[in-house]
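J.: Got two chains here, separate frames each, mind docking them using the hints?
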Amino acid sequence: MALAFVIAAPVAIGQGELLDPDKAFRISARALGGKSVEVEFKIADGYYLYRNRFSFATESGEPLAEVEIPRGALKEDAFFGKSETFRHLVRIRMMLSPRDAARGSVNLRVTSQGCADIGVCYVPLEQLVRVRLPGGGSQ
Amino acid sequence: MTRAIATVIALTLAAPAVADEAAVRRMMQSKLGAEGRIESVQRAPAGGLFEVVVRGAQGPRILYVDEAAMFIVAGEIIDARSGQNLTEERMRRLNAVNWNSLPFEWAVTTTRGGGRRKIAVFSDPNCPYCKRFEKDLAKLDDIAVHIFLYPVIRPESVTQTKSVWCSKDRAKTWNDLMLRDIQPTAAPDCDTPVEKLVELGRRLGANATPTWFLENGERYSGAMPLEQVRALLDAAAAKKR
Chain A
6 MALAFVIAAP VAIGQGELLD PDKAFRISAR ALGGKSVEVE FKIADGYYLY RNRFSFATES
66 GEPLAEVEIP RGALKEDAFF GKSETFRHLV RIRMMLSPRD AARGSVNLRV TSQGCADIGV
126 CYVPLEQLVR VRLPGGGSQ
Chain B
44 MTRAIATVIA LTLAAPAVAD EAAVRRMMQS KLGAEGRIES VQRAPAGGLF EVVVRGAQGP
104 RILYVDEAAM FIVAGEIIDA RSGQNLTEER MRRLNAVNWN SLPFEWAVTT TRGGGRRKIA
164 VFSDPNCPYC KRFEKDLAKL DDIAVHIFLY PVIRPESVTQ TKSVWCSKDR AKTWNDLMLR
224 DIQPTAAPDC DTPVEKLVEL GRRLGANATP TWFLENGERY SGAMPLEQVR ALLDAAAAKK
284 R
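Chains as they are written, first to last, in the numbering used here: chain A, 6 to 144; chain B, 44 to 284.
These aren't lab readings, by the way, just hints derived from the structure by calculation. Incorrect hints may appear among the rest.
Residues from chain A that keep clear of chain B, each with C-beta distances beyond 12 Å, as calculated [claimed, not checked]: (1) Leu37; (2) Ser41; (3) Pro75; (4) Lys80; (5) Ser88; (6) Glu89; (7) Arg96; (8) Ala106; (9) Gly119; (10) Val134; (11) Pro139.
Ranges of calculated distance between the beta carbons of each label pair, as one might list FRET restraints [what the hints assert, rightly or not]: (12) B:Glu242 / A:Pro139: 43 to 49 Å; (13) B:Pro88 / A:Ser65: 49 to 55 Å; (14) A:Arg98 / B:Ser73: 30 to 36 Å; (15) A:Arg98 / B:Gln271: 40 to 46 Å; (16) B:Cys233 / A:Glu73: 24 to 30 Å; (17) A:Thr116 / B:Asp234: 28 to 34 Å; (18) B:Val140 / A:Ser65: 38 to 44 Å; (19) B:Glu82 / A:Glu64: 32 to 38 Å; (20) A:Ala70 / B:Ala139: 47 to 53 Å.
Using 25 Å as the maximum straight-line C-alpha spacing, the simulated DSS-like pairs for lysine-lysine come out as follows [claimed, not checked]: (21) B:Lys178 / A:Lys87; (22) B:Lys282 / B:Lys182; (23) A:Lys80 / B:Lys239; (24) B:Lys215 / B:Lys239; (25) B:Lys182 / B:Lys215; (26) A:Lys80 / A:Lys47.
Each residue gets a CB set at the ideal place from its N, CA and C atoms; glycine is no exception.
Chain B extracted, bound-state conformation (with noise of 0.2 Å):
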């Protein structure tokens, strides 16, 4: 530990001079050269480190440097005594969405109650883990969920939503495909937002399904247990009340 100290108070000495975060900026960006656009510089939690946030073609990606920029540090910084991973929530925060932003009227919506939870999905109909929690969201009431048909697992899965958009009960049509293995059966060739759909979520770098955002902007990935999200969903919607 005192060595450690020592190593670090020697990197500061060396130094030129104490740096600032646009110092850091200029040199990380002339390392990084065009592989990378830097979004932000600041402080980082712990160790006398700064935090580069850099947007890479597959979203932000968090660097610590010293401030000589000499020694980057690719990794996660954990809080040791709450256990708390700082990094994975920034990244959160980072990859979060302005939820109003979302092309809602792109989204097959079921609404249960007064919908004051609310959830969108962008979901696959040949994604196992996308029907397990859909069953696991029906069980939920006074919810919205909006569904982004996203049909990137199988090719096939491309007809299935389209069909499901020209259905004339979208929402029903959807559900009776996830939940109840009931192929849609309407011609897939009207005018449908499904590529526009791939397109963004391929934007939000969304390469897994289920990929899902609350509606105070987060993401998240997976088929979490149901009473995880029932957590969430009730943070999410009490914080804006």
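So here's chain A without its partners, still in its complex pose (with noise of 0.2 Å):
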């Protein structure tokens, strides 16, 4: 139904207005070359996301490999410990299989964690994103 957007996102309650975890990380992914996906979040203004919280499968269940996670910012305090951060923005990069590789689009299921400065920390958060692909098609 063309209604479905308006009850998917709840209006988040509490001081300041928390954003629903899938508009504070929105997600996006494309094809770089045929064989290779980039994974992006853009991170809204005051939330972040843990470097090792990240976790990518393939739903076809074909393994991807050499996932190319960037060096984040370090966050040190006595409540956080240390942990690797980023904000606004992040690119990860994977290779997938070569059958995954053939197949015109492949959906990955990509799971990620983070928090708000304004306090609170969000549940693992899984979303789903499809990627076309250029050299694809055969299937």
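T.: If you want it as structure tokens, here you go:
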């Protein structure tokens, strides 16, 4: 139904507006040539993602290789311990299996986790993102 | 401004009849289909709009529609004179829980003084903001802090919270963990309400921690600065008396 979007995103509550995680961490993905894909998170102001909380899988069950997560900014304090985090933008590259690369598109299941500066941490967020592949279409 | 008014009048005239809540409900339900259940329809505080509350899987959502249900406003109404966010206040009431319906027999409770002020916190031991929040709460006197173990942030949180529940002194073990970083040592193999609490939290739409409730049922998210929390606690405690 066309109106699905209006109920999919509940208005957050609390002091200051807490964004729905899908809006705080906006995901997209694109192909970089035949075998390589890049997942991008646009991270809302005041929100951040943990470097060590990402995981990636394909819906086909085919393996991913050479997942390259850039270095994040080091956050260190009494409550958080030592952790690398990303703000604003992070791009992560990975290689598809030959079998996935031969398809017209691939669905990635991406798990991430982050917090907001207003003082909350989100439960792990799983997002499904579809990537169109240039060399595919044989299946 | 004049033009905006003219547009609204034109719409009103175009509608076959002056709609009422029931008509708006019918029109909206047909548009929503099976995606959401309309919980209520009433006049919105402004603009001749209707407020429609839709209850989806993730909790309530407020939409505003004109009386022909031709235009939907998915946004917030702010009183321009006072700056009050009327939509946010309404959401807070919609998200409120019945305090007495919370399962306090599953809570880990710390009471200081007479416990006049009351708060219930869905908390995870691996949520740094939860630790900061509880360290702040520990500075308040005359308060009952009810912790609902809510291990959703890290997989290892499940074992930790179960171990807390299986400890001899739950409150002390929890506070040691959250305030002093002392890990619980009890075997996590007793009967615990942890799974039921996770289910409850999800049903309440708590997709972030800490999520907390006051005695008046109001719900908040985040480690709010202590002075703000104190004011809210006092207001909720005063209202009851």
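J.: If you draw a straight line from the CA of Lys282 of chain B to the CA of Lys182 of chain B, is it 25 Å or shorter?
T.: 23 Å, holds
J.: The output says Arg96 of chain A does not contact chain B. Does that hold with a beta carbon cutoff of 12 Å?
T.: 25 Å, holds
J.: Given the proposed pairing of Lys80 of chain A with Lys239 of chain B, does the C-alpha separation stay at or below 25 Å?
T.: Violated, because 34 Å separates the two Cα atoms, which is more than 25 Å.
J.: So does Thr116 of chain A sit 28 to 34 Å from Asp234 of chain B, Cβ to Cβ?
T.: 31 Å, holds
J.: Mind verifying the non-interface call on Val134 of chain A? Its CB should be farther than 12 Å from each CB in chain B.
T.: Holds: least Cβ distance 19 Å, greater than 12 Å.
J.: Mind checking the alpha carbons of Lys182 of chain B and Lys215 of chain B for me, to see if they're no more than 25 Å apart?
T.: 16 Å, holds
J.: Within 32 to 38 Å: is that where the Cβ-Cβ distance between Glu82 of chain B and Glu64 of chain A falls?
T.: Between Glu82 of chain B and Glu64 of chain A, where Cβ atoms are some 34 Å apart, the hint holds.
J.: Taking the CB of Arg98 of chain A and the CB of Ser73 of chain B, does the distance hold inside 30 to 36 Å?
T.: 46 Å, violated
J.: Per the stated criterion, does the least C-beta distance between Pro75 of chain A and chain B lie above 12 Å, as a non-interface residue requires?
T.: The claim holds: Pro75 of chain A sits with its nearest Cβ about 23 Å from chain B, beyond 12 Å.
J.: Below or equal to 25 Å on CA atoms is what counts here, so check Lys178 of chain B against Lys87 of chain A.
T.: OK: Lys178 of chain B and Lys87 of chain A at ~20 Å, within 25 Å.
J.: Does the hinted range 24 to 30 Å hold for Cys233 of chain B and Glu73 of chain A at CB?
T.: The hinted range 24 to 30 Å is violated for Cys233 of chain B and Glu73 of chain A, with Cβ atoms some 44 Å apart.
J.: Beyond 12 Å on every Cβ pair: is that true for Glu89 of chain A relative to chain B?
T.: 14 Å, holds
Comparing the model with each earlier hint shows violations of hints 4, 5, 9, 14, 16 and 23; every other hint is respected.
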